[in-house]
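Guided by the hints, dock chain B onto chain E, whose structure is given.
2 protein chains.
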Amino acid sequence: MRDWMLEKPTRRGLLLMAAAAGASLAMPRLVLAAAGKSADAKFGGDLSTVRAAIDKQRPEAIKRLQNWIALPSIAAENRNMKEGCQMMIDLLKDAGFQTAVAMPTDGQPGVFATLDAGAPRTVGMYFMYDVKQFVPSEWSSPPLEAAIIDKAPFGKVMIGRGATNQKGPEATFLAALHALKAAGRKSPVNIVLIAEGEEEIASPHFRQVVHKPEVLAALKQCHEVYMPFASQSPQGGVEIALGAKGVIEVELVCSTKKWGRGSADDIHSSYKAELDSAVWRMVKALSTLVSEDGNDPAIDGWFEHVKPLTDRQKALIAERVAHTNEADVKKLLGVQHWVRDLGYRDALERLASQPTVNIEGMYAGYTGPGGKTILPSKATAKLDFRLVPDQTADDAAAKLKAHLAKRGYGDIEVSVTGGYDPTQTDENSSLIKASTSVYTHLGMPVSLSPRLAGSWPGYVFTGAPVSLPAGHFGTGHGSRAHAPDEYYVIESSNPALHGMAEATLSYVMHLYALAAS
Amino acid sequence: MRDWMLEKPTRRGLLLMAAAAGASLAMPRLVLAAAGKSADAKFGGDLSTVRAAIDKQRPEAIKRLQNWIALPSIAAENRNMKEGCQMMIDLLKDAGFQTAVAMPTDGQPGVFATLDAGAPRTVGMYFMYDVKQFVPSEWSSPPLEAAIIDKAPFGKVMIGRGATNQKGPEATFLAALHALKAAGRKSPVNIVLIAEGEEEIASPHFRQVVHKPEVLAALKQCHEVYMPFASQSPQGGVEIALGAKGVIEVELVCSTKKWGRGSADDIHSSYKAELDSAVWRMVKALSTLVSEDGNDPAIDGWFEHVKPLTDRQKALIAERVAHTNEADVKKLLGVQHWVRDLGYRDALERLASQPTVNIEGMYAGYTGPGGKTILPSKATAKLDFRLVPDQTADDAAAKLKAHLAKRGYGDIEVSVTGGYDPTQTDENSSLIKASTSVYTHLGMPVSLSPRLAGSWPGYVFTGAPVSLPAGHFGTGHGSRAHAPDEYYVIESSNPALHGMAEATLSYVMHLYALAAS
Numbered sequence: 005m006r007d008w009m010l011e012k013p014t015r016r017g018l019l020l021m022a023a024a025a026g027a028s029l030a031m032p033r034l035v036l037a038a039a040g041k042s043a044d045a046k047f048g049g050d051l052s053t054v055r056a057a058i059d060k061q062r063p064e065a066i067k068r069l070q071n072w073i074a075l076p077s078i079a080a081e082n083r084n085m086k087e088g089c090q091m092m093i094d095l096l097k098d099a100g101f102q103t104a105v106a107m108p109t110d111g112q113p114g115v116f117a118t119l120d121a122g123a124p125r126t127v128g129m130y131f132m133y134d135v136k137q138f139v140p141s142e143w144s145s146p147p148l149e150a151a152i153i154d155k156a157p158f159g160k161v162m163i164g165r166g167a168t169n170q171k172g173p174e175a176t177f178l179a180a181l182h183a184l185k186a187a188g189r190k191s192p193v194n195i196v197l198i199a200e201g202e203e204e205i206a207s208p209h210f211r212q213v214v215h216k217p218e219v220l221a222a223l224k225q226c227h228e229v230y231m232p233f234a235s236q237s238p239q240g241g242v243e244i245a246l247g248a249k250g251v252i253e254v255e256l257v258c259s260t261k262k263w264g265r266g267s268a269d270d271i272h273s274s275y276k277a278e279l280d281s282a283v284w285r286m287v288k289a290l291s292t293l294v295s296e297d298g299n300d301p302a303i304d305g306w307f308e309h310v311k312p313l314t315d316r317q318k319a320l321i322a323e324r325v326a327h328t329n330e331a332d333v334k335k336l337l338g339v340q341h342w343v344r345d346l347g348y349r350d351a352l353e354r355l356a357s358q359p360t361v362n363i364e365g366m367y368a369g370y371t372g373p374g375g376k377t378i379l380p381s382k383a384t385a386k387l388d389f390r391l392v393p394d395q396t397a398d399d400a401a402a403k404l405k406a407h408l409a410k411r412g413y414g415d416i417e418v419s420v421t422g423g424y425d426p427t428q429t430d431e432n433s434s435l436i437k438a439s440t441s442v443y444t445h446l447g448m449p450v451s452l453s454p455r456l457a458g459s460w461p462g463y464v465f466t467g468a469p470v471s472l473p474a475g476h477f478g479t480g481h482g483s484r485a486h487a488p489d490e491y492y493v494i495e496s497s498n499p500a501l502h503g504m505a506e507a508t509l510s511y512v513m514h515l516y517a518l519a520a521s
Numbered sequence: 005m006r007d008w009m010l011e012k013p014t015r016r017g018l019l020l021m022a023a024a025a026g027a028s029l030a031m032p033r034l035v036l037a038a039a040g041k042s043a044d045a046k047f048g049g050d051l052s053t054v055r056a057a058i059d060k061q062r063p064e065a066i067k068r069l070q071n072w073i074a075l076p077s078i079a080a081e082n083r084n085m086k087e088g089c090q091m092m093i094d095l096l097k098d099a100g101f102q103t104a105v106a107m108p109t110d111g112q113p114g115v116f117a118t119l120d121a122g123a124p125r126t127v128g129m130y131f132m133y134d135v136k137q138f139v140p141s142e143w144s145s146p147p148l149e150a151a152i153i154d155k156a157p158f159g160k161v162m163i164g165r166g167a168t169n170q171k172g173p174e175a176t177f178l179a180a181l182h183a184l185k186a187a188g189r190k191s192p193v194n195i196v197l198i199a200e201g202e203e204e205i206a207s208p209h210f211r212q213v214v215h216k217p218e219v220l221a222a223l224k225q226c227h228e229v230y231m232p233f234a235s236q237s238p239q240g241g242v243e244i245a246l247g248a249k250g251v252i253e254v255e256l257v258c259s260t261k262k263w264g265r266g267s268a269d270d271i272h273s274s275y276k277a278e279l280d281s282a283v284w285r286m287v288k289a290l291s292t293l294v295s296e297d298g299n300d301p302a303i304d305g306w307f308e309h310v311k312p313l314t315d316r317q318k319a320l321i322a323e324r325v326a327h328t329n330e331a332d333v334k335k336l337l338g339v340q341h342w343v344r345d346l347g348y349r350d351a352l353e354r355l356a357s358q359p360t361v362n363i364e365g366m367y368a369g370y371t372g373p374g375g376k377t378i379l380p381s382k383a384t385a386k387l388d389f390r391l392v393p394d395q396t397a398d399d400a401a402a403k404l405k406a407h408l409a410k411r412g413y414g415d416i417e418v419s420v421t422g423g424y425d426p427t428q429t430d431e432n433s434s435l436i437k438a439s440t441s442v443y444t445h446l447g448m449p450v451s452l453s454p455r456l457a458g459s460w461p462g463y464v465f466t467g468a469p470v471s472l473p474a475g476h477f478g479t480g481h482g483s484r485a486h487a488p489d490e491y492y493v494i495e496s497s498n499p500a501l502h503g504m505a506e507a508t509l510s511y512v513m514h515l516y517a518l519a520a521s
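Quick note, the sequences are listed as chains E and B, same order. Residue numbers for the first sequence follow our numbering, so the first one is 5 and each next one is one higher. Residue numbers for the second sequence follow our numbering, so the first one is 5 and each next one is one higher.
Honestly, I wouldn't trust all of these hints.
What the hints assert, rightly or not - DSBU-like, lysine-lysine: derived pairs with alpha carbons at most 30 Å apart: (1) B:K335 with E:K382; (2) E:K382 with B:K403; (3) E:K46 with E:K224; (4) B:K405 with E:K382.
What the hints assert, rightly or not - Quick list of the computed label-pair ranges, beta carbon to beta carbon: (5) E:F307 with B:V257: 29 to 35 Å; (6) B:A406 with E:A268: 33 to 39 Å; (7) E:K261 with B:E308: 35 to 41 Å; (8) E:F307 with B:E417: 31 to 37 Å.
Think of the hints as simulated: they come from the structure by calculation, not from any bench. Glycine included, each C-beta is placed from N, C-alpha and C at the ideal position.
If we strip away everything but chain E, and leave its shape as in the complex, we get:
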């Protein structure tokens, strides 16, 4: 569910790549050995022993990730949930967490873990142990084998379900804790870590984990909640999203049985003349939800709590536009026109600011080859609604139901299958400041974006009662989340882009930066 914008190449990223083209392809094991030139205490001082530990532990770090990928936990299929939860616990304990326990919910269990390093500062963290469904036959390399292959232009990548979403970055973070320990260092911060196993089904019970008294008490010690993520673009830039849209996923079912009109079952289509149709009813009901061109929500009161972009948010978008080649983005997305033929800046402002009503899928009646003259008794539509501040998931679901009921469609079943509120974090928070300083120190272009058009359950942390800054970003690169051949870069052939070892070191520096902030 935590879903993402595709990587968009930035002009700065392209320049960096051009500069790198002349460099030797013989990479040192840790291409960043020469990066942080000064042994800046803010980022951990002289990290040579940590670097050496990362290099030494590389085989076991890779093996740890491969073992994890071999055990897919999929909440939608109720697959390996208990086992996946236990593996998460084992991985955390192995990395130095003194406590790590399963947290039962009405759904799949979460995990609550603490690492007490005796440090003055405590950092909150968010992990997920579940992955998206997959169809092995669609993969070029078996999704649970986590094979490492050459993939241009990146170098060596691991192919597997969860490789980048989210086991790869999480295992890389854990490798940082292992390296610190091997280098004889304590973690510079204490860690309060909360993990869930239902992220890919929209975190329906995650609040139950976070709102447990002991978890809330532990989070009270924290100044932020951070989730590792491989958010470098292929060219090396890091985008830090200051927020994400909320989302609700909804299944609408219109049936003659519930409606009490038409035939209770599918019937010969010749009867249409005297019988009502559940499919036409669905079409007409759906049609009321959006503007004529399908691009603006038209649900009663939908914009009541929608906040417009601030000047600063617009400025961030303008900056992005200035550094982006629109034609490249369009090509990457397979797009010729933005809605209403908007210019790129207006399109990106919509992307950041506009709530959406989307039909993910729908089906009714006969869907095989050719035709079949039936009058179907049922129609199903799957929708997602992206929400922006200050909309809430609960209010959106209530407004949708009220809108349909007001128009006489009260019999259409509305099942909210998952969702959560939007999340937003202040760019002046310690999390954003510290993170930005790390990436800048590493020589990476950093771009802030006001908000992801996609969604992740950060609201559980940014909203009451936790009310902390929260974000997920990081170095390294992976893609094809939710798709076949999901990958994560293990060894990068581009000095501007982190492989797993470089990203491991960056997480070490990140912890020091948070400790110092």
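Quick look at chain B alone, frame taken from chain E:
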């Protein structure tokens, strides 16, 4: 495609059944031995030798039907078409047709056959040799085994694909020709028979067969075109439909590729804010095709050629209403309300007179369990449009396309996958008069209906240049056409309802009645 109203019990039928309840269950082999009391020359005179032949040939008549069912010809799957055409030819020759040849078309071949009995009168006939698709796992008895089982309240029925639609009634008619021959009689009429193998895909090439010069020349000798059919209700009444609606089946495809907007492929749903949706476009386009309640066509000019019911047609419907228990019909159909809460008479008038726009099925995007946050690049809808006189299939398709184009939906692909014009036959034609006289002579309640709400390609005969009365009806009973466990009554336990042998005799009488008209 030739599709039917479900049997609706008539009051007369129910009375007959009640009367029969006291009768002995020990049926003579031919329950009609005592029926046509007078040896009326009009119906073949003394038919005792023919009756004896039917009884004697019963095992081979059943076996012939079973062999035919064992070879399913399915045009939609291009399955056994050549073999099915050849079997049709063999069956006709075996029954006494002197000529029977395949008639190639741009699709599957038809058959043209003639039986010259040296009779003064020639009768046109229409057969089909194809059947509807089937899924064996859905059947309680294998659909190609044509097993004969006990089925209350009918007696012994044959279960198989094509059992009633249309191999059963056709094989029964052929059994009549075999019986005449065995009884030493010539057929009382010459027969010109045209068969097709694409009836179940809406007869896309049937005109090519009928309009061949030699076929048109042969049909010029005929006064009518008749298709055998088991059209007795379970209670024994025969309904003669004087016409049938036309139909076009259409597949609409809205794709971002063709449209040139949105993403060329499915993309993450977060992009909806800046990208157009093919599914919303389909919903909005479909919505323009019907009234707000989905019950009246709203396509530009759709009613231009629609003729209202005549007073006589309304009177026939009123008569039907007077003899029908509306509650029984509603129960049979699983219906609580007719559209707009109409009374039964108004509902039946709509059924006979109203053109319809029906969504048979539609699909787009993700249709599996749960949700998947994608913005689909394509939506498909399958529609059927029932047509009434004087609409035509070609004009309807043109109007649909013009309607969509006028509203800017010209990129939505409109594939007409099949269809044909409405058909209507005069109740004073020799076909209807002769047929009615047979059923009345057999003591069956006959009800005329102005028009089937379903469709069959009778227009090829009733329209120019052939311009003959055409109809399909007959004695016997079967049901579940197009559905699993399709059946045809072989031995009836109800004296009011014909089994295969009684129906065979009725076809003999039918030929004599046509010869005499």
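Comparing the hints with the structure gives:
Distance hint between K335 (chain B) and K382 (chain E) is fulfilled; the C-alpha atoms sit about 19 Å from each other, no more than 30 Å. Of the supplied pair hints, the one linking K382 (chain E) and K403 (chain B) holds, its CA atoms being roughly 28 Å apart against a limit of 30 Å. Of the pairs offered as hints, the one joining K46 (chain E) and K224 (chain E) holds, with about 24 Å between alpha carbons and a cut-off of 30 Å not exceeded. As the CA atoms of K405 (chain B) and K382 (chain E) are separated by approximately 27 Å, the hinted pair is consistent with the 30 Å bound.
At about 33 Å, the CB distance of F307 (chain E) to V257 (chain B) agrees with the hint of 29 to 35 Å. The hint said 33 to 39 Å for the Cβ distance between A406 (chain B) and A268 (chain E), and at roughly 37 Å that hint holds. Under the hint 35 to 41 Å, the C-beta atoms of K261 (chain E) and E308 (chain B), about 37 Å apart, fit the expected range. With their beta carbons about 35 Å apart, F307 (chain E) and E417 (chain B) fall inside the hinted range of 31 to 37 Å.
This entry satisfies every hint, going by the numbered hints stated previously.
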